[in-house]
Amino acid sequence: MLLAFDLLDRQIVDRDGTPVGKVDDLELDGPRVTALLTGQQALGPRLGGWLGRWVETSAARLDVDRLGPRRIPYDVVARIDSAVHLSVRLEILDPAPLERWLDDHAIGRIPGADDDA
Amino acid sequence: MRSRDWAATAVTVVALLWGALGYLATRPADFHDYRTMTVSAAQSAYGAIATARLTAGARADGRVGAPYVRASLADARKAIAGAAKNFGAEGPPDERSTTLRDELDPLLREAKTALDEIEGAADGVPAELRKAAADAAGVAGGLARFIAVHS
Amino acid sequence: MKRLLAVTLGILTAIGGFVDIGDIVSTSEAGARFGLSHAWVLVVGVVGICVYAEMAGRVAAVSGRPVFDLVRERLGPRVALVNLVGSYLITVATLGAEIGGVALALQLLNGAPYLVWVPLVAVVLWLALWRVRFETLERVFGLAGLALIVVLVSAFSLRPAFGTVTHLTPPAGENWPTYWFFAIALFASAMTPYEVFFFSSGGVEEHWTPRDLNVSRVNVFVGFPLGGLLAFGFLATSATVFHPLGVRVDTLGQAVLPAGLAYGQIGLALAIVGVFAATFGAAMETSLSAGYTVAQYFGWAWGKMLRPRRATRFHLVVLVSILVAVAALLTTIDPIQLTEYMLIFSAIALPLTYLPILVVANDRGYLGNKVNGRFANVLGLVYLVIVVAAAVAAIPLMVMTGMGG
Chain A
1 MLLAFDLLDR QIVDRDGTPV GKVDDLELDG PRVTALLTGQ QALGPRLGGW LGRWVETSAA
61 RLDVDRLGPR RIPYDVVARI DSAVHLSVRL EILDPAPLER WLDDHAIGRI PGADDDA
Chain B
118 MRSRDWAATA VTVVALLWGA LGYLATRPAD FHDYRTMTVS AAQSAYGAIA TARLTAGARA
178 DGRVGAPYVR ASLADARKAI AGAAKNFGAE GPPDERSTTL RDELDPLLRE AKTALDEIEG
238 AADGVPAELR KAAADAAGVA GGLARFIAVH S
Chain C
269 MKRLLAVTLG ILTAIGGFVD IGDIVSTSEA GARFGLSHAW VLVVGVVGIC VYAEMAGRVA
329 AVSGRPVFDL VRERLGPRVA LVNLVGSYLI TVATLGAEIG GVALALQLLN GAPYLVWVPL
389 VAVVLWLALW RVRFETLERV FGLAGLALIV VLVSAFSLRP AFGTVTHLTP PAGENWPTYW
449 FFAIALFASA MTPYEVFFFS SGGVEEHWTP RDLNVSRVNV FVGFPLGGLL AFGFLATSAT
509 VFHPLGVRVD TLGQAVLPAG LAYGQIGLAL AIVGVFAATF GAAMETSLSA GYTVAQYFGW
569 AWGKMLRPRR ATRFHLVVLV SILVAVAALL TTIDPIQLTE YMLIFSAIAL PLTYLPILVV
629 ANDRGYLGNK VNGRFANVLG LVYLVIVVAA AVAAIPLMVM TGMGG
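Residue numbers (this note's numbering), protein chains in the order written: chain A, 1 to 117; chain B, 118 to 268; chain C, 269 to 673.
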């Protein structure tokens, strides 16, 4: 269980160093960690109270396909130092619903969104 | 149990604070409050006139440009208008306050006139500006005295 | 040679970048009301921000992560959320005040009413953040902010009574609670939360490595004090021009007038341009800072270093923050008053900001052997005590003095 305390709230970065999210929660099978859970649906329960419930339900409403919290299988974790480094690129993982929606419909549409600033 | 105690304490504190604020807010205005208000109005007016005089002098010397003068005098006008509004919003609660009002009222009017003169001269010749600034010296001094006496 | 250039540019940027509307307003008002007796507060504030910004920069250079990013890891999601909400609200209020400051400066240059400028400034601000490179923004506005030197020089040429720096008591007509109220506002203006978060994230945007520790330190130890000196310029000019007359300073026009009195139209123009650059720079820093803190709490991709499509949520937060700030300004609230309120509430939020930094800077997991030494920790603790004292005293003093009225 010491592993859980070390992992929780750490930054997850992909193979290129791009931030993926925080370790908002863990999926456990007995004492073993089977997956990292990230995103508002995972964070809500940990915040607890009415705030946590609100965070969880508002994220669930955005989750049109009912996928549940964003899940990163533990076997793609390459190493853990001050962040959790994955062995794969961001694109392979389940997308973050809000980020994807904004990219498709809002921010991504503004001219210049594709340029390196 | 512990969180209930916390909640009870919090509610009591809030209720007490609310009561205190309510008392302070609805307490009938007295001489002290009125005096504080008049001094504050006098300070706004004094600051506005003194700054306007400085600006006028600087403009006459060519040290500042027209857009700056316009903006600066607009600030002064706003300050005097605000002071007059606060001053006029409340009636004096007693005789001592009436004396204060009678002292400040002409000063505020004079301040407005003096500022109008400065604003009128702003686009004119330097000599006019200097005259307007000099004319405002009297009301500036009067306001300063009012503040000093009643603070 | 290239390294030397990088350092000098960093210094110049830092000087221009560490004065904002809060510094300008609080120092001008304090100078007019209390003469030079608050000069010591500026010194205390500058030392404090140097201590903590050095830590924040070190964290960025050594761990490659900005300090706010690490707060949630060390303090847990609930405490970090409180920190986030407090910092975010203050940062957005600050952003509103800065945009207001830019609009006021434009009004002084041009004459068109201030509210007309507000939406325009917001649009240009967002465009600059969207399209222009981070380093370019830093350099242009940092260097332009150096124009504020004219205010400092005016302070000397107007022959102030420097001896009064040691008069630590309130002058006639002022009382101790008001004195301390202004002291807290000045202190808060020197240590505004967004400064450290921005500095730390900015270091990561510039891809600092442990080899850049010296760049970070030069930025801090040269930049902030010189920024403080520029702020002192406003304190001294107000003390020289307005204090003897007993006039209170509560407009930007008054704050820049001494530069005109000393050096004529050029002096005034430089002062206004300096204010414009300083506040626009600060507006950029606060809007980015708002985005940084939210994105770093949730672990989102953030930063101008990324293509916007790769960091859409970060850019959304920046955009929304600017909109909220503009909406607040369009309620016709006086930006100077907004600044004053923002400073006092900043003072209350300071412990929330600085305690986590001290914690993170002592963590070997992130910094290895570059954790705080004894000296940094002693200073850090001393300032934490000061910051808590200021936070506790802020509200009572605010009520007692009626916002320093």
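Worth flagging that the hints you see were computed from the coordinates, not collected in a lab.
Accuracy of the hints is not assured; some may be wrong.
[To be verified] Not everything, but these chain B residues come out facing chain C in the computed CB check (under 7 Å): (1) Gly-164; (2) Ala-188; (3) Ser-189; (4) Asp-192; (5) Gly-237; (6) Ser-268.
[As the list claims (entries may be wrong)] Some chain C residues well away from chain A (every beta-carbon gap over 10 Å; in silico): (7) Ala-348; (8) Ser-425; (9) Val-653.
Ideal Cβ placement from N, Cα and C applies to all residues, glycine included.
Evaluation of the provided hints:
1. Gly-164: Interface hint status for Gly-164/B: holds (5 Å vs cutoff 7 Å).
2. Ala-188: 5 Å, holds
3. Ser-189: 4 Å, holds
4. Asp-192: With Cβ-Cβ at 4 Å, under 7 Å, it holds.
5. Gly-237: 17 Å, violated
6. Ser-268: 6 Å, holds
7. Ala-348: Check fails; 8 Å does not lie beyond 10 Å.
8. Ser-425: 42 Å, holds
9. Val-653: Val-653/C is indeed farther than 10 Å from all Cβ atoms of chain A, at 28 Å.
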